[in-house]
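Mind docking chains U, E, B, G and H on chain D? Use the hints.
Chains as they are written, first to last, in the working numbering: chain D, 18 to 297; chain U, 18 to 297; chain E, 18 to 297; chain B, 18 to 297; chain G, 18 to 297; chain H, 18 to 297.
FYI, nobody ran anything at the bench for these hints, they're computed from the structure.
All of these numbers come straight from a predicted model, not from anything done at the bench.
Among the hints, erroneous ones may be present.
The list treats identical chains as interchangeable, and a pair is accepted whether it falls inside one copy or across any two copies.
Listed next, the in silico DMTMM-like pairs over lysine to aspartate or glutamate satisfying Cα-Cα at most 20 Å (straight line) [what the hints assert, rightly or not]:
1) K60 x E89
2) K208 x E21
3) K60 x D233
4) K106 x E21
5) K202 x E51
6) K106 x D183
7) K60 x D183
8) K202 x E33
9) K83 x D69
There are 6 protein chains.
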Amino acid sequence: MIPEHMVHRLIRCALEEDIGAGDVTTAAVLTGQESGTARAVAKADMVLAGIDVFRQTFLLLDPDIKFTHCLEDGRAIKSREILAELSGKLASILTAERTALNFLQRMSGIATMTRQYMAAVSGTRARILDTRKTVPGLRSLDKYAVRVGGGLNHRFALYDGVLIKDNHITAAGGITPAIQRARQKISRTLKIEVEVRNIGEVREALAAGADAVMLDNMSPEAMSEAVRLIGGKVPIEASGNVTLANVRQIAETGVDYISVGALTHSVTSADISLLVSART
Amino acid sequence: MIPEHMVHRLIRCALEEDIGAGDVTTAAVLTGQESGTARAVAKADMVLAGIDVFRQTFLLLDPDIKFTHCLEDGRAIKSREILAELSGKLASILTAERTALNFLQRMSGIATMTRQYMAAVSGTRARILDTRKTVPGLRSLDKYAVRVGGGLNHRFALYDGVLIKDNHITAAGGITPAIQRARQKISRTLKIEVEVRNIGEVREALAAGADAVMLDNMSPEAMSEAVRLIGGKVPIEASGNVTLANVRQIAETGVDYISVGALTHSVTSADISLLVSART
Amino acid sequence: MIPEHMVHRLIRCALEEDIGAGDVTTAAVLTGQESGTARAVAKADMVLAGIDVFRQTFLLLDPDIKFTHCLEDGRAIKSREILAELSGKLASILTAERTALNFLQRMSGIATMTRQYMAAVSGTRARILDTRKTVPGLRSLDKYAVRVGGGLNHRFALYDGVLIKDNHITAAGGITPAIQRARQKISRTLKIEVEVRNIGEVREALAAGADAVMLDNMSPEAMSEAVRLIGGKVPIEASGNVTLANVRQIAETGVDYISVGALTHSVTSADISLLVSART
Amino acid sequence: MIPEHMVHRLIRCALEEDIGAGDVTTAAVLTGQESGTARAVAKADMVLAGIDVFRQTFLLLDPDIKFTHCLEDGRAIKSREILAELSGKLASILTAERTALNFLQRMSGIATMTRQYMAAVSGTRARILDTRKTVPGLRSLDKYAVRVGGGLNHRFALYDGVLIKDNHITAAGGITPAIQRARQKISRTLKIEVEVRNIGEVREALAAGADAVMLDNMSPEAMSEAVRLIGGKVPIEASGNVTLANVRQIAETGVDYISVGALTHSVTSADISLLVSART
Amino acid sequence: MIPEHMVHRLIRCALEEDIGAGDVTTAAVLTGQESGTARAVAKADMVLAGIDVFRQTFLLLDPDIKFTHCLEDGRAIKSREILAELSGKLASILTAERTALNFLQRMSGIATMTRQYMAAVSGTRARILDTRKTVPGLRSLDKYAVRVGGGLNHRFALYDGVLIKDNHITAAGGITPAIQRARQKISRTLKIEVEVRNIGEVREALAAGADAVMLDNMSPEAMSEAVRLIGGKVPIEASGNVTLANVRQIAETGVDYISVGALTHSVTSADISLLVSART
Amino acid sequence: MIPEHMVHRLIRCALEEDIGAGDVTTAAVLTGQESGTARAVAKADMVLAGIDVFRQTFLLLDPDIKFTHCLEDGRAIKSREILAELSGKLASILTAERTALNFLQRMSGIATMTRQYMAAVSGTRARILDTRKTVPGLRSLDKYAVRVGGGLNHRFALYDGVLIKDNHITAAGGITPAIQRARQKISRTLKIEVEVRNIGEVREALAAGADAVMLDNMSPEAMSEAVRLIGGKVPIEASGNVTLANVRQIAETGVDYISVGALTHSVTSADISLLVSART
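Bound-form chain D, shown alone (with noise of 0.2 Å):
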């Protein structure tokens, strides 16, 4: 589901921040020569991301290591399961480790979490988005796991979606010349998404044109009183501080979608170790 040219690329990346002039521990302490097997084991629940990715950074480095058990991403895992089991040797298993774990611990911290706020809305309208608030450089990856936690996608980057948020209102002099300039600039194949902040400012949007509107920071009764007002001529998303605490409350206003940042930008990396076994 990501492409693959992504992928590689984040992983060579990866692996050369790690490996740079070579690992000098396993180097002075192997002779190359061990092969063995490695375990990699959740220590707490979670829900697994990034599996392809984690076995992806030890082929890269050693095509001749072997998988011989992989769970599926998407799956909810209890503690001590076991995630994946691989082997070949035991130098490049070392070496490729940590990099592998960076990756899967993080992309199953996202995946966690994201179906934490999927249960917490379940029964409601609502959908789960992500925003562009992802770390630098690893964005796929990071809106992959979110997809895998059953959250839908907003758009990837600034080129895939229109979406007037307030300092493009401040900048263009208001809601309504925001959207008309948009409108003579693109094609009516695109959807125009605008951030509003008030009653009145949904009032605007909708009289100007919008495709969709983002509530952003408005209280639930405000929220509430948006969705009525819209009537489901439009799109609806809330965003802004949302929290496990405060996500069901939001949902239950009726809104189409919530978009929570700290699904990606404060991610809890899910714990996982790789044990490895010597072949004897």
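Chains U, E, B, G and H only, in chain D's frame:
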């Protein structure tokens, strides 16, 4: 302090990731000629880190942007403080905004947490170390932010330090053979640090000539015993599931260093906004 | 309007392609100290596009070259008009000449042809769109030149728009299942455009919830019927074998957009020369 | 015949340009498991060129795609002929389709036009040469396609041949000083070709020791006179505003080579479609 | 032992440097279908190093080339010995020949000279170290070849070891302040090596806590005195104008390491030829 | 004279190779604010080459460094002469020092040896040529240094000259078929040089139409005979095991060019030091 070629490459990659074929919203809403100012404002207390990366993100996109105010890295910031003020073409400011903030918020989050750990051990001999559990590709920024927060950097990567961990010991067939092999292959101008899990392994590591030991996941009592046994002959690092809740207890055992993976693997983004004012 | 990192990368690649290990003729014939001026002259009527790429090609090779005159993109040029005048080291000018012209002539060729299409449909509601039938690597320049000529850009690439074409429909087993699957997987903030080949398919696409339709290779009569049927509910694009000879007839059917592959896949280079004068 | 590192790099760039963060339509419409076949079909007569680039575009995206049929470059194709047949995952085929066709249609367009020029001069001693008026970045493919069409390549770039053009002569202060300087600085194992505009300049170039001359924009009568004057002592190239209409007349003057910029600067894309069949 | 991503990148760069737009001689002289064998033959005694780089150069150009014979790195070779035998397409072999030999001849030259230095100090405690005086871009290969010849590697680069040299001491205002500052800023898990020029500086370095000393350009008598003074407390490296003529005398002073810049900055290429046989 | 994009890329690669994640010694020992001057001093007689690469190495790391003195390439230098003087931040100067010297010492070593060869043949018609036996990646610098020393460059790479060597002749089945095939495939604007090993082969090459011959490893007597036989009809290059001891004898046979592989494959680094003075 971070080599400029690294910083520039990271910023360029991040800008390209977000801008790609172009910022369609800014192109649709602005004429490109609007100018104005913007302020980066803290929305919580924090330690500032990454202000130069933030600044260079704007400048690499548009060298004509001017910074009229810029606080320095390492400063303790109060909520609502203005971190930086810049002016220039609004199109450039809006296009670079998210990328610049993504760097600054992560780096300040790392520095803020590092300083909390440093404060927690103040008055003891222990210093806080980071690990290689960083986000792939951003290690130089993550480790810089740890230094800004008052921590020390452990080795940067696999190439600049010998650290024999449990998986190496398994692969090599024991602590003693691992240290012996390493001693033969590397020059005596390098130190050898060894991970140990109990007092018996501490004794073995010392006997085999380890230049430093890392106590992995040992109880405070066992750590205290290790400190007494080692008696200052080699530096001691404590590692494994360190939290703000337990770090002081670990420090009071008398270890020299405490390494904390969470500093970089589970970052809470610092809350910072950019507010734009159009020129009238 | 084109992100500068893209333009600079394209120019650098092009200069390296042409210069490689060095311009042996210039090195053999000049001392390197000669200076002078050069004029880019139109040898036919055209719409100018790419003058900034032209300018930056010289400047990336030699930042000391000065431009004393430069017409702006979008201007209608008469044969023999001087498009730009520059001065500096002749060695630099001669080395960059062909690369700079190769960009400028292609881009002006695209803009010139786009304006001819725009003129042909003037007075109708139809706007001219480009396609993804661009030269590999140059899409950002090709699409910019279309805008300069007065056309609108369709999606830039596969990542910034949902366009379900005939091969997707074949693969998905029909228009209705294709649209339904898409609707489930993407957020409602994106539009879905569907390619249709006859009135029956128009009906199916509308019924299944298409947000826009592309009429592929339909006769003018069928297009007129489709326009009536759709009645303004969704935007309509006409596509397939559009030429300057038939574009007006298509436009008069009432479609909103007409996409023209030949704008970028079959470009006639604009005729432009560079004339050098040595300084005396 | 084209170095593989060049071809692969070009294909990778082109795929990344078109796929970027992902093919959203294919991801939305297909499950990713559908397989089937596709046929590339000529929709007009043409000379085929670039079939290996076409093939490798699919294979670099998905190495499991199989080609069951593939015509060879250089073959004269009739309209409706099947150029290639491939099978595999439909998602891969649909994602690579446009990029693969963009290469194949341009290259076949170049080969087709080159063969038309070759046919026009058949029976004369003249051979058709290309120029450096290629699309930036694609010169190796453009020049390969000229060879497929039966043309000869002139120098590839600025680094592999000495060609003293009118602007060099202006800068050097005349034909004689230009040739003399070049002779001193380069080894005698290189030839020196000089552009001349009239009979007087032909005489000067020969007297100064030119190894080859390029007659620039001369009338057929003047070219005939130049051919007689030179009498076979050095190779002669004709250049400037060559078209299919006037190329035979030029060839009949007895020149050795005729260089045609339009072969690569004003390409008419060959008309080729890809038709997909889903596996039942 | 050298990270594969480094080796492959170096080989690719070298092949591109030499092949560029294509091997015009091979393309002109061969049909491309000829196959045959080639032998790499030593034309002088040497220590072999780089045979895998040699092999991979051919394989990266053409994966179908087969190596039927290949001696291993580190082996003492007699003149006329066959180092490797390969077979496959002659066009590929001829195109890769010079690049492959350029690597192999330099690396074997380094290993051969290193072994001469090792032999010259045999029986003493001294080990031969390399320096950072390598050819830009090839450090990983240069240092690997030193290891093959029996030498030890000093630090790889500026990032993996603290070595305070005379210019640092000048800049810091003396040996003592330099060591003190370093001790404060770096973790105790790193060693500090200091360059000293006389006995007084040896004393100062030891007193300030240096973990290793480098005796720079000292006379054998002074070195002997330094060895006695240090008495085994820290490792000692001798440096400066070491030659095969004086290295034994230096070794006999009792130093632990002797670093030799000439191993990599003044390499004599090993004499190796490739002889091709066409298949009959 | 070397394209700037090549020089900058080489310097950047070399700086990154040496600096990587950071210069730990300089960061540990200096505050970063110290400034001062440095002088590059020759420690032996030499021909200077590469001073601009040396200068740009410092400037690419720190654009604020100032050069107050800089001798020009090609100058004959006496031992103890000051080659360049620079001032600025000492941290920058110390970090760039080794990389800058590695370039300068190699290039000056090449120029110095080239001038010795030129002096050895002075008064004869012979000119000294280099070969493709350069260090991978540095060919543009190596060949530039040869020019600085007074030598001429042979072809740069495989793409810019036809040189049929013994292995090509073996593969093609003889000198005559090799030349004939080449003549058919390449334009007459290119010369064909052929390697020959005896008088018989000289005759065959001339008869087959070679434009230049390379006498490979022939005795002086045989070379003299070849010169007489050829009688000035084509340029003659002598090649194979040329040394300073035998080059004059070869030159006196009357050949036009003598190519010397050792100029670039067995370089003796020029002895140059950088001496820093802190500002008081």
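Comparing the hints with the structure gives:
With identical chains, the CA atoms of K60 and E89 are at most 20 Å apart within one copy only, with a shortest distance of 17 Å there and 40 Å across copies. In the homo-oligomer, the alpha carbons of K208 and E21 never lie at most 20 Å apart, since the shortest distance is 29 Å inside one protomer and 26 Å across protomers. Taking the closest pair of Cα atoms, K60 and D233 come within 20 Å of each other only across two copies (16 Å); inside a single copy the shortest separation is 38 Å, beyond that limit. Taking the shortest Cα distances, K106 and E21 sit within 20 Å of each other only across copies (15 Å), while inside one copy they are farther apart (25 Å).
In the homo-oligomer, the alpha carbons of K202 and E51 lie at most 20 Å apart only across protomers (17 Å), although the nearest pairing inside one protomer, at 63 Å, exceeds that limit. For the homomeric pair K106 and D183, the shortest alpha-carbon distance between copies (17 Å) is at most 20 Å, but the shortest distance inside one copy (55 Å) is not. Only between protomers do K60 and D183 lie at most 20 Å apart by alpha-carbon distance; the minimum there is 17 Å, versus 43 Å within a single protomer. Taking the shortest alpha-carbon separations for K202 and E33, neither the intra-copy value of 43 Å nor the inter-copy value of 23 Å comes in at or below 20 Å.
Taking identical chains as interchangeable, the C-alpha atoms of K83 and D69 lie at most 20 Å apart only when both belong to the same chain, with a minimum of 13 Å there against 24 Å between chains.
Comparing the model with each earlier hint shows violations of hints 2, 8; every other hint is respected.
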